[in-house]
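Novice: This is what each chain is made of:
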Amino acid sequence: MRFFKRNWTAAEADEWTREDALAIVLSPIAYVLIMIGTALSFLLLWPGFVLLGIGIIATIIMHWVIDPKLKAISDEFESKQKDYILDLERNMRWEETDE
Amino acid sequence: MVTFTMLDWFWLILFMLLMVGCGVLFYRLGKRSESDFFLAGRGLPWWLPASSVYATHTATDTPMWVTGVIYRYGLSGLWYTFFPAWCAISAFVSTRIFRRSVAYTQAEWNILRFGGLGAEMLRGWIAGWQVFMNMFILGWVGMAMGKICELAFGWPVWIGLIAFSSICAIYVLAAGYWGVVMADFQQGIIALAVIIMVSVWGIIAAGGPGAIVTRLGDMGESWRLNPFAFSGWFDGDFPAAWFVTMLFIAVLGGFGMGTSIDWYPEAQRIQSNKTVRDASYSIWWGSLLVLARNSIWAVAILGFYVLFPNIQETSDYELGWFRIAFEYLPSGMVGFFFAAIIAIHLSTVSTHLNLGAVYATRDLFKHYFKPEATEKQVIWFGRLATFVLLIGSFFYGLMMEEITSWLIFALWLMAAGVWLPNILQVIWWRFNAWGYLASWITNLGMSWLVVWILPSFGILPELQDYQQFWLLMLLGALVYIPVTLLTKPEKMDHLVKYYAMSRPIGWWGPVRREAERLGLLIKVEEAK
Chain A
7 MRFFKRNWTA AEADEWTRED ALAIVLSPIA YVLIMIGTAL SFLLLWPGFV
57 LLGIGIIATI IMHWVIDPKL KAISDEFESK QKDYILDLER NMRWEETDE
Chain B
1081 MVTFTMLDWF WLILFMLLMV GCGVLFYRLG KRSESDFFLA GRGLPWWLPA
1131 SSVYATHTAT DTPMWVTGVI YRYGLSGLWY TFFPAWCAIS AFVSTRIFRR
1181 SVAYTQAEWN ILRFGGLGAE MLRGWIAGWQ VFMNMFILGW VGMAMGKICE
1231 LAFGWPVWIG LIAFSSICAI YVLAAGYWGV VMADFQQGII ALAVIIMVSV
1281 WGIIAAGGPG AIVTRLGDMG ESWRLNPFAF SGWFDGDFPA AWFVTMLFIA
1331 VLGGFGMGTS IDWYPEAQRI QSNKTVRDAS YSIWWGSLLV LARNSIWAVA
1381 ILGFYVLFPN IQETSDYELG WFRIAFEYLP SGMVGFFFAA IIAIHLSTVS
1431 THLNLGAVYA TRDLFKHYFK PEATEKQVIW FGRLATFVLL IGSFFYGLMM
1481 EEITSWLIFA LWLMAAGVWL PNILQVIWWR FNAWGYLASW ITNLGMSWLV
1531 VWILPSFGIL PELQDYQQFW LLMLLGALVY IPVTLLTKPE KMDHLVKYYA
1581 MSRPIGWWGP VRREAERLGL LIKVEEAK
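Respectively, the protein sequence lines represent chains A and B.
Going from the first sequence to the numbering used here is simple: count from 1 and add 6.
Going from the second sequence to the numbering used here is simple: count from 1 and add 1080.
Keep in mind the hints are simulated off the structure, nothing from the lab.
Here the structure is a predicted model, which means the values were calculated and not measured.
By construction, the Cβ of each residue, glycine as well, lies at the ideal position given by its N, Cα and C atoms.
Check each hint, because a few of them may be wrong.
DSS-like mimics (lysine-lysine), calculated; alpha carbons at most 27 angstroms apart, straight line [unchecked claim]:
(1) 1111(B) x 77(A)
(2) 1456(B) x 88(A)
(3) 1354(B) x 1577(B)
(4) 88(A) x 1354(B)
(5) 11(A) x 77(A)
(6) 1450(B) x 88(A)
(7) 1456(B) x 1354(B)
(8) 1227(B) x 86(A)
(9) 86(A) x 1111(B)
(10) 11(A) x 1571(B)
(11) 1354(B) x 86(A)
(12) 1111(B) x 1354(B)
(13) 88(A) x 1568(B)
(14) 1227(B) x 88(A)
(15) 1577(B) x 88(A)
(16) 88(A) x 77(A)
(17) 86(A) x 1577(B)
(18) 77(A) x 1577(B)
Here are a few chain A residues that face chain B, going by a calculated C-beta distance under 8 angstroms [as the list claims (entries may be wrong)]:
(19) 22
(20) 29
(21) 30
(22) 39
(23) 40
(24) 41
(25) 53
(26) 55
(27) 80
(28) 85
Model the full assembly from the supplied sequences, consistent with the hints where possible.
Specialist: In structure tokens form, the structure reads like this:
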């Protein structure tokens, strides 16, 4: 069994899992590395290219891990969205929501 | 003063026609439905809202702000521009949860998450606050445009304030959010291209990257190349404690909704995506582009510093990036640059015109005054609200000088004492509408006390902004946590409905168990 899941059922994708945790950790790290790396790379300083490279790799890994799950969540949610929007419109009468 | 050639005028007029053309082209789509006028029918692929996130985060005053902090602090000033990093976590947490709620606005989300009278009060408060804030931001950026036109052409300030916002209003009134997002796409491309072009031009004017590094070394200013050059842990005007606080606010804020003032426009972009996946990527990539853009800007400003190292007045060095363009670009390209400034300006104005209108229309007019309004009536009210926001922003802009300090304080209110409640409302089932309302009211009072009143009487020392943040967070929690625990939780059936739809992260155990008992969730084991 792989450490990161690549195939998700709708029920599995709805849970918060280690794939989400990895995205949550890698995402801000990628932002920091790319921001600093871009600035130093434009100054042609070698640490900039290294940081930028690591930032891009972190971004690729993050997307590789989280994308199958996001696809599964989206497919499942789209099937229910119409009903949710109808329900939202019913809430427009605020007297009804004041239970 | 800048003198335009024929080529400069060509660029400017061409761009204006493109923008207004958007309104004409997308007029039919915008009037199809309320969902089209305010969310482009919830059908956009991720890269369109992403370009809008980028364009909206590039306002007329952004180059001045970025220039100011980089000129003063070197590359470590980049951390002042790091606040969009809330999107790093938000893209995979609060963005996902908000997109699943299908709420048009943050105010509407309140009645899905909370229930009863407390939720209604929250919706009214957030909607009213947002109408005010959008009008204020429109006045603020309009005034910045007025000052740029005064600097470049010697026009009276009111011309720049009124002229370009009015042109922008044509396509926002006609096509609503369709006009906003399509124009943002063009404006984003033009603005990014020009920012890179002018910045590279500035770097070359300073002798190139190598020369900037060498000359900073010769001047004994190499610390400006270090992104972590702070004035000490707690000492000086740029301590590491500020940096840690900023990282804490910016990054962890992504677990909540409303932890950044930018959340409110981004919430509209999130909801306009066609899927949850598109929403996540639009927020993530749009913000990454903002951060990378800031880095390119920063290098150009280091070049400007090398060229003009002894400028003392903040108002002078803040115009550094504009000076690079106006003084170093060849004739004929200045018009292209000015068209890009207008692109930057219009993308911000269009966003806040439409965003203010959605709160006024959806959360106030339709919710409280005319729930039975037809789609046609709603769209026309949306246009009326857009027009009122435009006119109101002119008045705000013209009296901005007098009220700026008060309004900066009002912005501060958004951040400190309600930062944690904005997260708690997402991650903790027991946090209720009364606790959230209490946090707003407490923050309103405490921030006056901590920022102004107690220091003026010598009861509290003058605190740095990061110290104020921690103190306001603590003082607020002493009120809203007891209020939450002493009042009833939201009704379980309301919470279960919200949970099944949004699947929030965090401490939702009792709600989840009830949802499972009612058979609303498929258990993973059963699905297998």
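Novice: Could you run down the list of hints and mark each one as holding or not?
Specialist: Verification of the supplied hints:
no., hint, verdict
1, 1111(B) x 77(A), "violated (31 angstroms)"
2, 1456(B) x 88(A), "holds (21 angstroms)"
3, 1354(B) x 1577(B), "holds (22 angstroms)"
4, 88(A) x 1354(B), "holds (12 angstroms)"
5, 11(A) x 77(A), "holds (13 angstroms)"
6, 1450(B) x 88(A), "holds (23 angstroms)"
7, 1456(B) x 1354(B), "holds (23 angstroms)"
8, 1227(B) x 86(A), "violated (50 angstroms)"
9, 86(A) x 1111(B), "holds (26 angstroms)"
10, 11(A) x 1571(B), "violated (36 angstroms)"
11, 1354(B) x 86(A), "holds (13 angstroms)"
12, 1111(B) x 1354(B), "holds (19 angstroms)"
13, 88(A) x 1568(B), "violated (32 angstroms)"
14, 1227(B) x 88(A), "violated (47 angstroms)"
15, 1577(B) x 88(A), "holds (15 angstroms)"
16, 88(A) x 77(A), "holds (18 angstroms)"
17, 86(A) x 1577(B), "holds (13 angstroms)"
18, 77(A) x 1577(B), "holds (23 angstroms)"
19, 22, "holds (5 angstroms)"
20, 29, "holds (5 angstroms)"
21, 30, "holds (5 angstroms)"
22, 39, "violated (10 angstroms)"
23, 40, "holds (6 angstroms)"
24, 41, "holds (4 angstroms)"
25, 53, "violated (10 angstroms)"
26, 55, "violated (12 angstroms)"
27, 80, "holds (4 angstroms)"
28, 85, "violated (11 angstroms)"
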